[in-house]
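Since the structure of chain A is already known, use the hints to place chain B on it.
Protein chains: 2
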Amino acid sequence: MFPPNLIDAATRLLAECRSRRLKLATAESCTGGLVAGLLTEIAGSSDVVERGFVTYSNEAKSELVGVPPELIARVGAVSEEVARAMAEGAVARARVDIAVSVTGIAGPGGATPGKPVGLVHFACARAGKTTIHERREFGEIGRGPVRLKSVELALQLLARQARA
Amino acid sequence: MFPPNLIDAATRLLAECRSRRLKLATAESCTGGLVAGLLTEIAGSSDVVERGFVTYSNEAKSELVGVPPELIARVGAVSEEVARAMAEGAVARARVDIAVSVTGIAGPGGATPGKPVGLVHFACARAGKTTIHERREFGEIGRGPVRLKSVELALQLLARQARA
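From first to last, the protein sequence lines stand for chains A and B.
280 is the number that our numbering gives the last residue of the first sequence; the numbers go up by one with no jumps.
280 is the number that our numbering gives the last residue of the second sequence; the numbers go up by one with no jumps.
No lab work stands behind these hints: they were computed from the structure.
Every value quoted in this text rests on a predicted model; they were computed, and no experiment measured them.
Glycine included, C-beta positions come from ideal geometry on N, C-alpha and C.
Be aware that one or more of the hints could be misleading.
List time: in silico DSBU-like cross-link candidates among lysine-lysine, alpha-carbon distance up to 30 Å [stated by the list, open to error]:
1) A:K265 to A:K139
2) B:K139 to B:K265
3) A:K139 to A:K245
4) A:K265 to B:K139
5) A:K265 to A:K245
6) B:K245 to B:K139
7) B:K265 to B:K231
8) A:K265 to B:K265
9) B:K265 to A:K139
10) A:K231 to A:K265
11) B:K245 to B:K265
12) A:K231 to B:K139
13) A:K139 to B:K245
Computed footprint of chain A on chain B; a stretch qualifies when at least three of its residues, placed anywhere within it, have a C-beta under 8 Å from a C-beta of chain A [as the list claims (entries may be wrong)]:
14) 166–174
15) 223–235
Next up, chain A with everything else stripped away, as it sits in the complex (with noise of 0.2 Å):
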């Protein structure tokens, strides 16, 4: 079902956890599931993958992953300050090594002045280790390609802190 290129990409990203003993955790909101979806196609995934966060509605951001509301009520559910807090919120709430998150708009509405249809943030948080953030703008390329593109690029963070 998923590309090629997702599942050779999952499936190095997890050998590479497995051989550091990493566990990570996803706190996923545009992606809906799909990063989680992507790394448990691969047979032994459980080694690594404690658990995944669907945070869909801005009260499951705040319930499951600590995000404060008051934060999304200021800057907004697609932020970097939300995309930092998911991700931070996901290692510490499922005592996880790395925790990679994805928020965005992946259309076709949806957008507000100043963050269009395409725009995603995404944040990898890894415990004792400076939390990373990227910004995209995929443009109006369709809904899912904007949420496959936002799996590929999870799962690049989510090797980076592997091995940083």
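Just chain B now, kept in the frame of chain A:
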């Protein structure tokens, strides 16, 4: 990415839930987020999908959706009892109307005496209604196919509960 029949089923389910003003959540083990990932592939799904729990580890099943650890120790994570507890816990924790759960052995490893590869338990809970349960033995058809068939059945159970 998802097969057209699953996209169609997800589209119909979301329309059914929307017309009845039902919110839903997912609690996934062997499907690892694919049910949530499929539902959120449909534009406008945030009207209906509140959150998803990817409860891959036993700890996640207990912490996120309240499955008693002693129940898992007694009957195993792949069981009717745990599937029911996951679905009912997801309704309670997410404060939604309906939740589906999936717990199974996607393979190729993981079989235990009496629990072959391809065995999957499903439950679907709705607030104020009787929880439904299904058990399937898909056989050794491959990890990906077991997961996809599980996603398909999970959607059927959500549709049954939505119309209950």
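Outcome of the hint check:
{"no.": "1", "hint": "A:K265 to A:K139", "result": "holds, 23 Å"}
{"no.": "2", "hint": "B:K139 to B:K265", "result": "holds, 23 Å"}
{"no.": "3", "hint": "A:K139 to A:K245", "result": "holds, 15 Å"}
{"no.": "4", "hint": "A:K265 to B:K139", "result": "holds, 28 Å"}
{"no.": "5", "hint": "A:K265 to A:K245", "result": "holds, 25 Å"}
{"no.": "6", "hint": "B:K245 to B:K139", "result": "holds, 15 Å"}
{"no.": "7", "hint": "B:K265 to B:K231", "result": "holds, 18 Å"}
{"no.": "8", "hint": "A:K265 to B:K265", "result": "holds, 25 Å"}
{"no.": "9", "hint": "B:K265 to A:K139", "result": "holds, 28 Å"}
{"no.": "10", "hint": "A:K231 to A:K265", "result": "holds, 18 Å"}
{"no.": "11", "hint": "B:K245 to B:K265", "result": "holds, 25 Å"}
{"no.": "12", "hint": "A:K231 to B:K139", "result": "holds, 26 Å"}
{"no.": "13", "hint": "A:K139 to B:K245", "result": "violated, 38 Å"}
{"no.": "14", "hint": "166–174", "result": "holds (count 8)"}
{"no.": "15", "hint": "223–235", "result": "holds (count 3)"}
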